[in-house]
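Trainee: Go by the hints and put chain B onto chain A.
In case you want the letters, here they are:
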Amino acid sequence: MFPPLPNPPTQTTAPKFGPADLMRRSASTVTPPAQRQTEVAKLIDISKCIGCKACQVACNEWNELTPPIGDNFGVYQNPSDLLPDQWTLMRFTEWDNPQTGNLEWLIRKDGCMHCEDPGCLKACPAPGAIVQYTNGIVDFISENCIGCGYCVKGCPFNIPRISKTTHKAKKCTLCSDRVAVGQGPACAKACPTQAIVFGTKDDMKKWASGRVDDLKSRGFANAGLYDPAGVGGTHVMYVLPHADQPQLYANLPADPKIDPLVGVWKGKGKVAGLGAMALAVLAGVLHYLKNGPEVATEEDERKAKSLVDGAV
Amino acid sequence: MTNAWTDIKNTDLVVIMGGNAAEAHPCGFKWVTEAKATRGAKLVVVDPRFTRSAAVADYYAPIRQGTDIAFLFGVINYCMQNNKVQWEYLKSFTNAAFLVNDGFGWADGLFTGYDETKRDYDRSTWSYQIGPDGYALVDETLQNPRCVWNLLKEHVAKYTPEMVERICGTPKDKFLKIAAMIAETSSPTKAMTSMYALGWTQHSKGSQNIRTMAMLQLILGNIGIRGGGMNALRGHSNIQGLTDLGLMSNLIPGYLNIPKETEATFDAYMSTRAYKPLRPNQISYWQNYKKFFVSFMKSMWGDAATAENNWAYDYLPKLDVPDYDVLRAFDMAFNGKMNGYVMQGFNPLQAFPNKAKLAAGLSKLKFLVVIDPLETETARFWENHGPHNPADTKAIQTEVIQLPSTCFAEDEGSLVNSGRWLQWHWAAAAPPGKAMSDIWIMAQLHKRLKALYEKEGGALPDPIVKLKWPYANPDDPTPDEIAREMNGYTLSAQYDPKDATKMTLDKGKQLPGFAALKDDGSTACFCWIYSGCYTEAGNMMARRDNTDKDNVGLFPNWSYSWPANRRILYNRASADLNGKSWDASRKLIEWDGAKWSGYDVPDMLPTAKPQDVGPFIMNAEGTSRLFTLGMMREGPFPSHYEPFESPVANVIAPKIRGNPVARVFPNDLAQMANTGDAEYPYAATTYRLTEHFHYWTKNVYQNAVAQPEFFVEISEQLAKEKGVQHGGWVRVWSKRGSVNAKAVVTKRIKPLVCDGKAIHVVGIPIHWGFVGLTKPGYPANTLTPFVGDANTQTPEFKAFLVNIEAIAAPTA
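Respectively, the protein sequence lines represent chains A and B. Under the working numbering, think of the first position of the first sequence as 202, with each following residue one higher. Under the working numbering, think of the first position of the second sequence as 4, with each following residue one higher.
Among the hints, erroneous ones may be present.
Calculated lysine-lysine pairs in the BS3-like style (CA-CA distance at most 25 Å, straight line) [stated by the list, open to error]: (1) A:K407 - B:K45; (2) B:K750 - B:K760; (3) B:K45 - A:K417; (4) B:K293 - B:K321; (5) B:K512 - B:K501; (6) B:K469 - B:K293; (7) B:K397 - B:K369; (8) A:K417 - B:K177; (9) B:K180 - A:K417; (10) B:K263 - B:K121; (11) B:K753 - B:K45; (12) B:K175 - B:K87.
Hint data in this document are derived by calculation from the structure and do not stem from the laboratory. Given the structure is predicted, the values throughout are model-derived calculations rather than measurements.
Chain A on its own, in the form it takes in the complex (with noise of 0.2 Å):
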């Protein structure tokens, strides 16, 4: 059994990383600290997985999401998708595996993979929107977040989403506060066949190991760590056991990359996108000037409650 996580303190804990311990930082140019702190890591292990969805149920808990009640449309997973109030979602795939001429029903929680090279981070414009810890836990930074939905294309894992009443964009934290006192993510803590384990990066890869092996000794000749080298591996891994193909377990990416236009946006094209935002702003300023100050109308005021209460 991996050792349990530790209960909670009952004094209050000073925070063992934080702003100090930054190594990216959106938009933003950080010197990073001299120590970078142990890595860490969450493991999914798909193999000990029996889909309960506590680990969904938990993170919507600790982080106070009440997603809507929504409907069943035909599977297992519930909600339909991840949203920006479901930082986590079980995926259900049903699979005959042709080799064997088996049924399996392949269970995959699915939420940030936290990137070593994060693509949403690198896609942001905004100044510290986006940052990354020097533990590898990617955390989004509401207050500076501007909602334009950049982060969204640049994750190769289609995660975070933009919420229509607050445009801030949401995904998992890796529970970055819980981390931050000595304890693991709210998910790990509720797995009950300990699926989700957390630790050191450098610990969970041993971990693994022997779960791989066991799979292997199970007839899974192709059981594998997922930890993708196209984005510098990542701080959530699986345990797959049919790593050589990732896809099966709804859409995993095999080979996931930052899209090259992120390249381009933060590279070259960055000038000139800044020159294009400033211009936008003249442009907005001289609309100003012309037009004299916005004011709702009451279809307006009316069209944006409905919004709100439509939404959860």
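Mentor: What follows is chain B alone, placed relative to chain A:
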């Protein structure tokens, strides 16, 4: 459970059949994952559906619901044919060698003595041959054709792999693979655990499903050992406590019996409870029955229970029928024979079969009291909720009184888990609003009833008026006080039986355990099997020491495990005839030449010599029973019977419909589809989902998000045949009702071929209703048949017939 949740980590093979532990017991399932990860254990799942348990199994095979006995007899037959038997265990610890009455036999699906009009047996031939010394005759060579082993061999011979495939629809190769995996555990150094739940109990022959697996486990030598056992996974946190405390119409606490009408006197009652040993030297522990019974009566009525009045025997009700179970109660209500119903933590409008009949029964009551922490459908049965509850409110005169009660997190007390652990818990929150504890509510009822009886008298006021009520605050007894009564205490000073001058326990002291109980009225004990849970040393149930010497998985100082803090029942069977462990790595207790000792509390008299005294001390034989005499209504051996509603006839006995001794009320048979009924061609089953707990969690926001809407599951093949779209709407109907649902079209249900006929399975989860935060939906019991297991009356929720069609999305 014979064993405990924590012990499952010690197994080599987990067989989940008649249950879905990953889905319905996800927290306990961690011990399966642990056995797999650290011991390399294998997991086998046999189920009509490819379940969440199957998702993490090493091997899965499908089976048609209601045919488990045929499958398991097939495995027993396989073990016999392939010499995969733990012979030494079988010969010494089971009744395989016992000789059976010459009059006993089996033909055409029935045992000797069947009376079709009574739907019951004369069980007189279901007995052993008794020698002149009064003991049962045995043939230890197993050569005598009348010995249990040879009769069983003959009985199961017809369950060949081909027959299993024909009845169960399990492909022969898959059956043989599983049979071989199971058979390997006949080795004394291999263990298999059976994890089952409602998938076995909720059949008209549910008890026999479980019994067949127990027989298999005995043949393999897997009972009484670490990592073995028959492990019933309980569906509520305290349902084990419910049965232990005898919350059934025919029981009193500790599995003692409510007297029958024919047992009008105490002597008549005790005359059939002598439990004389059937073999020399055997303990036959039920010989202490009178001690348990008298101590219970003293606990109930104190000084009013005396030797002169037979310990107030006349205060006990006498059953005029075998039991007043819930099905009978609702049948009576339906027939206008019941005035009032007090429901405590009970939502039968969702939880019992044939919703229309239940609603009609409730409508005929004069009053209904519902004591519950939640709003329930039952309390609102009179409200019209459109198609989901089409009540004719104006026509219903029943007065409904709701008493809001606390939930488990708002009071303290003990919960008994599946592993028989009495675990004390403390209140975590204050109850909302005017909710009061169940104890407070019952105390108020008692107070007022007592006052009425004292004032007005009545036919027999004594049982109420003289009820012992020894609580510091009679208006609100504490859980602590009740727990102390449960354990038992002395009513007068106790003395050493060998030295009458030596006092062992003063008056008014907590008893150390049930061995101290007396039949002379000097001890009181409410539930003998719990005795030891609250001693002079304190509340044993509140212990939270999780040390586990040598990592054996017993955790003896965590809470309290009945009986006697024993963690594995029949643990003496973990050792051979000389008292040495069959497997040194699985040591539980051993004989050191003078006494039994080890990790667990011995399930044996500590000084009983291993060669003399058998390990199954509750049985008069000292052995376990492959042949169970007259204990079960269907017969001493199980036999394959089809569900009452079956898509195919019983291949073994084509004339028999359902279980021949199950009780069926006359008006219910008319509401059942015929065998192979063309109007109801599909085999339906009901089940739970991880996202919900019965009908409670639809009131909880996050659970409602995780599984918001009623659905049914069908195969891709049936969907194609019926033009059902994935995620589209369907109507499903039985001879009792009709529901509309979303369709989950899945590869996880595949058509089976049984007796040459294609069988489609329709899966129906149970969790929706017209109360709660989830989308309003139909409860599965709209469809299910009103018939129960012949021994326990547990309803047949797992196997019945329906039809299905695609429909347009309902408007509104």
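Trainee: Next step is simple, just say for each hint if it's right about the structure.
Mentor: Comparing the hints with the structure gives:
1. A:K407 - B:K45: 23 Å, holds
2. B:K750 - B:K760: Measuring from Cα to Cα gives roughly 20 Å; hence the hint holds.
3. B:K45 - A:K417: Holds, at roughly 14 Å.
4. B:K293 - B:K321: 18 Å, holds
5. B:K512 - B:K501: Since the Cα atoms of K512 of chain B and K501 of chain B sit roughly 21 Å apart, the hinted pair holds (cutoff 25 Å).
6. B:K469 - B:K293: 22 Å, holds
7. B:K397 - B:K369: Status holds; Cα separation ~15 Å.
8. A:K417 - B:K177: Given that 25 Å is the threshold and the Cα spacing comes to 22 Å, the pair holds.
9. B:K180 - A:K417: 20 Å, holds
10. B:K263 - B:K121: With Cα atoms ~18 Å apart, K263 of chain B and K121 of chain B stay inside 25 Å; holds.
11. B:K753 - B:K45: 24 Å, holds
12. B:K175 - B:K87: The given pair, whose Cα atoms are some 19 Å apart, holds under the 25 Å limit.
The structure meets every hint from the earlier list without exception.
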